[in-house]
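Novice: The primary structure of each chain is shown beneath.
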Amino acid sequence: MSKIIITAIGKDRPGIVSSVAQVLFQLGCNIENVSQTILQSEFAGIYIVSTPDGTDFDAFSQAFHDAFNEKGLHIHIKPMDTEAPLTDIDGEHFIITTIGPDSRGLVYDISCIVAEAGVNIINLKAVFEGGNNPERNIMVYEVLVPDTLDRHLLSATLKEKAASLNLALTFQHKNIFDTVNRI
Amino acid sequence: MLNENELLSTVEMLKYEHLDVRTVTLGINLFDCASHDLEVFKANLRKKITGLAGTLVSTCNAIGDKYGIEVVNKRISISPIGVVAAPFNAAQMVEIAITLNEIAVEVGVDFIGGFSALVEKGMANGDRALIEAIPEALTQTDRICASVNVGSTRAGINMDAVLLMAKAIKRGAALTADKDGLAVAKLCVFCNIPQDVPFMAGAYLGVGEADAVINVGVSGPGVVKRAIDRAIEAHPDIDLGEIAEIIKRTACKVTRVGELIGREVAETLDIPFGVVDLSLAPTPTVGDSVGEIFQSLGLISIGAPGSTAALAMLNDAVKKGGAFASSHVGGLSGAFIPVSEDLNIEEACRNGFLNIEKLEAMTCVCSVGLDMVAIPGETSEETIAGIIADEMAIGMINNKTTACRLIPVPGKTVGDNAHFGGLLGHATIIAVKNCEGENHFVRHGGRIPAPIHSLKN
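Heads up: the protein sequence lines correspond to chains A and B, in order. Quick note: the first sequence, position 14, residue 14 per my numbering, numbers continuous. Quick note: the second sequence, position 157, residue 157 per my numbering, numbers continuous.
Please note that the accuracy of each hint is not assured.
As a list, the in silico PhoX-like pairs of lysine-lysine whose alpha-carbon atoms are at most 20 Å apart [claimed, not checked]:
id, chain 1, residue 1, chain 2, residue 2
1, A, Lys159, B, Lys15
2, B, Lys456, A, Lys159
3, B, Lys319, A, Lys174
4, A, Lys159, A, Lys125
Hints in this document: simulated from the structure, not taken from any laboratory.
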């Protein structure tokens, strides 16, 4: 059984999910996993589907596009590399937040340091808190810090960079957020 | 991923609302250090405390750093010295306090609490020596806290001990006259003292406790105030039942932070975890005040009519939130109203909204008592004893902890300012009735019998 990844991006409106699901149903596929989000007015969804035995990827891709008639939705289909080993890193989840004025290259500056340390960003969110205070843009990064990494060095480097950008940066273990908010 | 509100509210609590772990307190049992030989006893103390607490400070700092929450104070509570050092006289007790102070410096803790005696029903030789040593001991040390339990619901009030404590307070203040009586800011007189308080000056390790235990004190008046402010801003017609619910939920969150940090410290040190004490403990910093909560609740100032009701609601909601968040809530767990340690409460005293009588009334519903109250230096021993006896009676009858931390500031009188420094803050000296007069009631001595509701068995 092969797996295919379908991504759909377009202006959000009622019926996007059902139209994708309808075509997949017609083509005999099973949706194994799906994640979607809405940023401002834009919808983005990513589907991992398993296809019937013997499915030819090109033929499937053509059949999907033929059957799918939602206008204004960009669809990208690619086969999933099921052989690729999952990178299983021993580490702990930390949350980095930056609070301060928005600027060009802000995410780049922070994510560069994280990448150079060999740390994977699991999730990234921009939170713009209230429209009245442009000084309080908040970015939230969830990162997986390997056990072998010097966390203090990473934290210090990030804080130094943040200070130069006039940002307040926090670097905290994810458990503190879970503990405070979830019972 | 956590949602935005969860992330932001947590960051706000930690970064802007002064939520911190106020203290991680390592309780150490000293009964196995006992000896008739003072030098052996002191060596035993050093060996046991440094052995268990050697990495306390670095562990707390590392765990605080990991979670982005400061563990402000690292402290040690010990078995009551009045019991474990029972063979020694007062001068030797002072030497023990000095040794403990050296140990505190060596392991880097802010305070060691437990220069204590439990005398609610009577005084043994060690207790008497300890009480006699307290003024000198607290003058010659800066990291030792003393507490004496003079009453309980089950035993009544030991009025002989009350008078002795009044004398100790006067003498301790006189010995540190150049520092506005600072010595007695480290001394608490208790009724119904809990065995597991992590907060100073009342921390000691009860005799029913384990060999070593980690207790955590979490604070967070700023967090509670902001939660109330936000709720009232969003819903100006919110009723008090709903406000109490908000306080309760906030207290729950705060307690869980303490539990997380405490358990991890305990696990790292391989010491059992004891309790979380969730107390709204202010510091002399704007935004970290219990008094400000009263203004958020709609009172012109703490002390204005309505304050006792507001404090009762606050104290109860904090306890309920804490009890839900942790299976082991202990210590004092409630709201503190220490005058000099809270800018807003101090201001209320200065402006006349709070006097000693109103403070006493409020202690009926707060979690401690008359705390860090500066009174005129000329206040007589007997009047101080009377104030203590009144406060103890509130605790005894209401089956709750009450305490007195009174500072008769030498050479100063009503309206003058006393500076204690650091977390102890400063206070305007407030009036005491019959300040310099006699008080034959307290001179009767003996023991006020335990109340009828102590007969529970």
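Novice: A separate judgement is required for each hint: does it hold in the structure or not?
Specialist: Okay, the hints, checked on the actual structure:
1. Lys159(A) with Lys15(B): holds (15 Å)
2. Lys456(B) with Lys159(A): violated (59 Å)
3. Lys319(B) with Lys174(A): violated (27 Å)
4. Lys159(A) with Lys125(A): It holds: about 19 Å lies between the C-alpha atoms, which stays within 20 Å.
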